[in-house]
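Peer 1: Read top to bottom, the protein sequences are chains A and B. Once you know that position 2 of the first sequence is 2 in our numbering, the rest is easy, because the numbers rise by one and skip nothing. Once you know that position 160 of the second sequence is 160 in our numbering, the rest is easy, because the numbers rise by one and skip nothing.
The set of hints was computed from the structure by calculation and includes no laboratory data. Each hint should be verified, as a subset may be incorrect.
As the list claims (entries may be wrong) - Straight-line distance between alpha carbons at most 25 Å, and here's what the computed DSS-like set of lysine-lysine pairs gives:
no.	chain 1	residue 1	chain 2	residue 2
1	B	K139	B	K292
2	A	K114	B	K267
3	B	K292	A	K273
These numbers come from a predicted model, not from an experiment.
Below, each chain spelled out in residue letters.
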Amino acid sequence: MDIFLSLPFLQELLLSTLRMATPILIVALAELYSERAGLVNIGLDGIMAFGALAGFLVSYQTGNPYLGILAGALGGILVNLVYAFGTIQLGAQQIVFGMAINIFAPAIASFIYKMAFGSSSSLAQATLMAAIPIPGLSRIPFIGDVFFNHTPIVYLTFLLVPITYVFFAKTIPGLNYKSVGEYPKAAESSGIHVVMVKYKASIICGALAGIGGAYLTTSYISTYSDGVVSGRGFIALTAVIFGRWMPGGILLAALFFGFTDALQLRFQVMNSKTPYQLLAMIPYISTLFALIFFGIKKAGPASSGKPYFREER
Amino acid sequence: MNKKLLSLLLVFALATTLLAGCAAPATTTAAEATDVANGETTIAADAKAYKVAMILDTTIADGGWGAASYNAMVAAAEATGFETQYTDGIASADFATNLRSYCDLGFDLIITPGNQYSDAVNEVSVDYPDVHFAILNGKIETANVVSMLPNAEQIGYMAGALAGLMTKSNNIGFIGGMELDTTKMKLQSYEAAAKAVNPAVVVASAYAGSFSDSAKGKEIANSMISVNDVDVMFGDASAVDSGAREALAEHEGRYDIGQPADLVKIKPMPVLISSVVTDNASMMKIVMEDVKSGTYGNKTIFGDLANGTLSVGTFSDKVPADVQAKYLEIIEQIKAGTFIQ
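Model the full assembly from the supplied sequences, consistent with the hints where possible.
Peer 2: Below, the structure written as structure tokens:
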């Protein structure tokens, strides 16, 4: 078992962890922006699926994965505006609308892909985004390759963590934003346009979740297939709760998911005799245990999940 | 209240994640189905139009098993004069409902591409004795259910022999989607064949737990390369395999063996050295002929090298001529049943 201690193994494990954590992290941050404005959005998986398709199509047509990421963001916003209209304007049940998004968005994505590419026996391939090593830092032995030799989306995602922290904890717009998720009536009475904040939240959430999906098909792998998202949206949702609605906590949660998943794949490869179902459960089982031990002491935004009726008493 | 909602949400999220693998989007083809029904009334005037339908849990654009099965049905239907229809992205719980709908729409034959549909077919076929059912990779034989069974053992032998001949590091890999009987069989015989041609070979295997998570396929292949120095791989996991190919393509001298279509011929990639080709269309053609001639039922159509259902795909230029010759010799042995006793 000395293989666990060998440097190349650790380096590969950490690299794999970062790659797998990135889509979960960015989508979990998307959910944080949504929930901070009182909107529980469980439609992340659907938004990701649509973002993945939009990103892939544009990157395939133009040969430019950056435009693909942009298209993923726009596609995500488009899908999430449906959710926003239903829950903010019409005051509909957020869980129901989120679920509806999860059903209809992947189906539309599947339909568009079939229209564009038919049912070929091989998948269409687009250009993959190249990694951009950060000059200087990427030369550091071991750490350089693990942390500073990635695609820009990975840097952006990890940069978003401190940015989000500062925004919510240290800035006035951030505190105003948060108040909408805590007690919208009080926020409204102090002059905050609650509905506007909620729409902004939906746009940020859609864009980030869309980028999360597009990351999969433009920076991770170069093909789109139905089900490429494979429940990552739901894992992101769990990461928000696991991370206690704090950007730092969410970062740890996403890295934890990435790490356990990377580890279980390596266990499988090294030991083919163990039933794979047992190993594949590791990320989920460890989450359950972590939640039990941390307990739900610090809950999320107080008004999360509740529709806001402006003229209601 | 909030606490309750939270825990409910959490349980839901975890449960859905577990199920997410099977929760493919439901596409309704109701509109298309009525189209066909309308078209049928006009055609029915001159001759009886035979109709065949397929239901799939994956999609027909998955670049793997789903696409291959659907294309096989279309090819066989063109040859025998059947009209085709399909519904894809169906969750396991809805298999039976979808089968019943096609029965009620008056379809003559329903093809299900996989063993996972057997229970649903079993249940529905009893209620519709006049409708014919066919299961690919199935085992059921009744008066109106026929199974088509490509020989998984031979597929594993074919891939394993080539992998064993091509590997330089003596480490080869296998990725499974789910632990199906046929996949287990393929892995077992893949290993046996590789060891028969090259006793030093060590096989690494892993299951992605999905047929669509291509990103995970890439991670599995990456870890196989870095941990075990695997240089030839074979997979039984549709879109997951295409992810694995991307990881292999990033390294020099690492190869993949494709299936079930002749991938090197359709779309040459430097990483693909050859394919194990399964001609599902020829088996489906037999099924359709049986429906027309009224001799349907109580049989399993076996597909192997001897009857041409399995064949060796196009080689890429990465396979040296002497290896090709040696490999084709082994194929003859597999065909004759003398390869591994």
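Peer 1: Does K139/B pair with K292/B here, judged by a C-alpha cut-off of 25 Å?
Peer 2: Holds, at about 22 Å.
Peer 1: Taken at face value, is the distance from the CA of K273/A to the CA of K292/B at most 25 Å?
Peer 2: Answer violated: K292/B to K273/A is near 47 Å, above 25 Å.
Peer 1: CA of K114/A to CA of K267/B, is that 25 Å or under?
Peer 2: With a Cα-Cα distance of about 18 Å, the restraint between K114/A and K267/B holds, given a limit of 25 Å.
Taken one by one, the earlier hints fail for this structure only at number 3.
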